[in-house]
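Colleague: Go by the hints and put chain B onto chain A.
Spelled out from the first residue to the last, the chains are:
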Amino acid sequence: MSDVLLSLKGLTKAYPGVVANDQVSFDIGVGEVHALLGENGAGKSTLVKMIYGLVKPDSGMMELNGRAFAPAEPRAARADGIAMVFQHFSLFDALNVAENIALGMENPPKMRDLASRIKSVSENYGLPLDPFRTVGDLSAGERQRVEIIRCLLQDPKLLIMDEPTSVLTPQEVEILFQTLRKLKAEGTSILYISHKLEEIRSLCDFATILRLGQNVGACVPRDTSARDMAEMMVGTALKTPERAGRELGPVALSIRGLSVPAPSAFGTALKDVTLTVHKGEILGIGGVAGNGQDELLSVLSGEVLCAPGEVLLHGDAIGQMNPTKRRKLGVLAAPEERLGHAAAPDMSLTENALLTGSVRQGLETRGMIHWSRAKEFAEAVIAGFDVRTPGPGNAARALSGGNLQKFVIGREVLQDPDVLVVNQPTWGVDAAAAAAIRQSLLDLAAKGAAVICISQDLDELMEISDNFAALNEGRLSAPRSTQGLSVDEIGLMMGGAHGMEVAHV
Amino acid sequence: MDLSAINPVQLIAFLMVAATPVLLAAIGELIVEKSGVLNLGVEGMMITGAIAGFAVTVETGSPAVGFVAAAGAGALLSCLFVVLTQFALANQVASGLALTLFGLGLSALLGQSYVGVKPPTTPKVEIAGLSDLPVVGPILFNHDLMVYFGIALVAATWAVLKFTRTGLILRAVGENHDAAHALGYKVVRIRILAILFGGACAGLGGAYISLIRVPQWTEGMTAGVGWIALALVVFASWKPWRALLGAYLFGGVTVVQLNLQAAGVAIPVEYLAMSPYLITIVVLVILSADKSSAPAALGRVFHASR
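These protein sequence lines map, in sequence, to chains A and B. All letters in the first sequence, in the order written, are residues 0 to 504 by numbering that gives the first Met the number 0. All letters in the second sequence, in the order written, are residues 0 to 305 by numbering that gives the first Met the number 0.
Each hint can be trusted.
Once the Cα atoms are required to be at most 27 Å apart in a straight line, the calculated DSS-like pairs of lysine-lysine come out as:
#1 K109(A) to K161(B)
#2 K238(B) to K109(A)
#3 K109(A) to K156(A)
#4 K185(B) to K156(A)
#5 K55(A) to K185(B)
In case anyone wonders, no lab produced these hints; they're calculated from the structure.
Isolated chain B (complex conformation):
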């Protein structure tokens, strides 16, 4: 066992990379849940985004186009959820589970010819001077654009929810859809937009795994990250900055356990592999004492006649 091989600076830098997929998916789901919709299909939308982004990047050679395609694919799959829950008024839990199963199957089908292909690498943002700084440079200024995008998205989500009228209306719809309808707000339209946003974010998160974090395509490669994103939203009490914190916790434990595996710690690999999920869920349970912060209309079917 050789713990000295673990470099803390690299660890923190890699933590941010490991946390980005779950962060993107969680922020999307946070918006969806703030509008009062519970979409359990995050995993399905992520894996669909992962294969769509991967395939388009391989075909076009441009990761940027790939990420846009991944967002589109995630949003497209979420349209299915929109039709089921907002128009057919189906149960949201069942529809979300169906979406996950459908996404996993669809991605496996689409991805058959891409197994073993290596995608073009996504460039890192090099900032002259800053990236070469000791310690701070590798941690903060030596990442790809999506890492920064994820953090910016958290800040933007927080600001929109807190300071803008758009955010206020979104929260109102999630809090009491009947009252929002009575005041003349378009409940269904607002929810559709939120669901599409959530789908796009999940797609981006999936593509980040297949294009940057791993970079390759294997079936079922999201490996439950979508479920952790769902849990994170609850653990974060529907607050964007707490979601960031939770994502870094999950990413951090992931990176640490990988390093411990590499260092040959005398703990069975299975325990190490399960630790990020386990620790995140334990923290979730401890912190979710303030249940009151859940949007009051979460998961409830809205129909204008009542």
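Isolated chain A, as found in the complex:
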């Protein structure tokens, strides 16, 4: 364990206007699982891209097994035993598993030999895969297996994993961890990037923490609390949202036995969905992405219409009402996709504020727009939610993801909704801003609004919601109180391990 495999010395990489990595140094030992921690934009991705040869450092050097290591391209890095599993899978949907794996290899054997090797390696590590299936038909967990097997076939010395668990259910995460532990036992080093602190505590031997491109500390995750690590990442004491004891009021909105066909070839059909949300309640809806989240939001917001009686607001049928009519009644929604769905990218913040706010904020009369009032409303959102932007005249596209997310959520919250539906409210937002958004949702519920929060971040749902339900292939599980709900139970509600197997160690 004391042998150093890869040593980084003073790596620096600057992009115009931002220093992504500033004098980063650390060592990764042989057979060590090394965590790289940091907020979004802390420079984790740039750092691993330098190790993988996708980006060249401006200064500094790396040593692999004591020799200078400066890969000019991924091919060179792979030849030296560096393998990487990407955050956004670098797979080709239309090709089959074996073809995808062949593309990531230098000298792939004949297809038939490769297929049998894939079979043997995948079974050996408990990740069974059929080499001839088309990747586009695989689940997220299976696609990740393809990436891992692609790496394993090259006998890597260092396996880099960039946010590998963000698309997995808890059971699938456990299977992945068993595979990684087996690899570690065989002497493979792993550089594990994540911001899920509990995972890092259970898996990793050592952690390096990056903040704004700089190495700000290191720790042994097993001996450090998640809270301490989070504060090292953020740099300030973290304010956890406060959750006042709430009394649930009468039913605000309910859906009864709703089935909606899939809107497109790649969509998910909703099957017999039933849910109720009370005034003052936050209902958390979890599930792996692509199991009907977007479709459920569309049905609630009015983008997709259904039979009138399938969606009830205070007992009145609203299933046939369009989004504008629903807004008038107090049903607001903030969809997941910020650029293009929740906001029009090339329009100013004022215009974007007007687009959803005009009905409830009285921003137009008989088709004529009150620009000054719209601007005031946009400014109120910017001030109230700490949106960092020069002013409301800026285009939505010009804002960073986290800032636009704050604007999108704030715009709905400030309209004083009776029912608010949000999808992935803190996706891509740093910890401090995420805490502020969660607090605003809690405050809204405390004022008596009903909130439906769809999210893939289970910690977030456990933190803010009163009741939890999970979407799995378009079906919604029966809601359970979040009090005393265990991770295992949540995982089963999300569909369990999707038939995955555990490593045969």
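Modeller: Only chain B this time, still in chain A's reference frame:
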């Protein structure tokens, strides 16, 4: 009206000739689109190839040199598309349309002194014994080399795409250029090569019209064949053998309607003249139900920073 004048054997033989230009252009565009690039400039590259091939053949007296020059001219014009879309990152649809307009204008300019000139004839491949066979001989063994070249190109394209690593990388680039880049493949270089290949094929197809099918030079003589080639690629769901089938359908309807015109069928000539385009497009619409087979990165601009 005298339908008995139509000889089915000649009809099939002539169908293969009529289909060759559209087939060549379509196979080139198929490769281009498989790499994830949509080049709508096929018509422009064809007509440029048509005049280049015609002019060089007339000047040198050798159709072989003419065809090589046509391929070169098509590839050269496609360089313009390369500069616009791969380096300046311009919109591919607009760039392709510009290429077509530019090609049509350029060819008209270059071709001014060649109107009414008769080119040297391209020899047919005579295979002793086989060419004289009844029925089979005229259909299969009495053609010029380019007809065989077109069919061989289809077979080669199919084999390369299906069995070779080159084909696999090409498909990967067209499927997900970001992932291909992340794995270390040179996305831009691969696309440039594909675009040049497409240009060369379109040039050959154009020269086939001006040197063999018609043989003479008139302005705008490709008459929309480039557009049909583009449609064929979609209709064929990006599969080479289906492109061959589609090209023969287009060629077949063309030949039949010409024969019907000659036989004096009581249908206005305009309807007959539009029928190959109409029928091909109708079949296209019916068969293009499986849209999923389009390369996923088709028409998307690639920039390495993202």
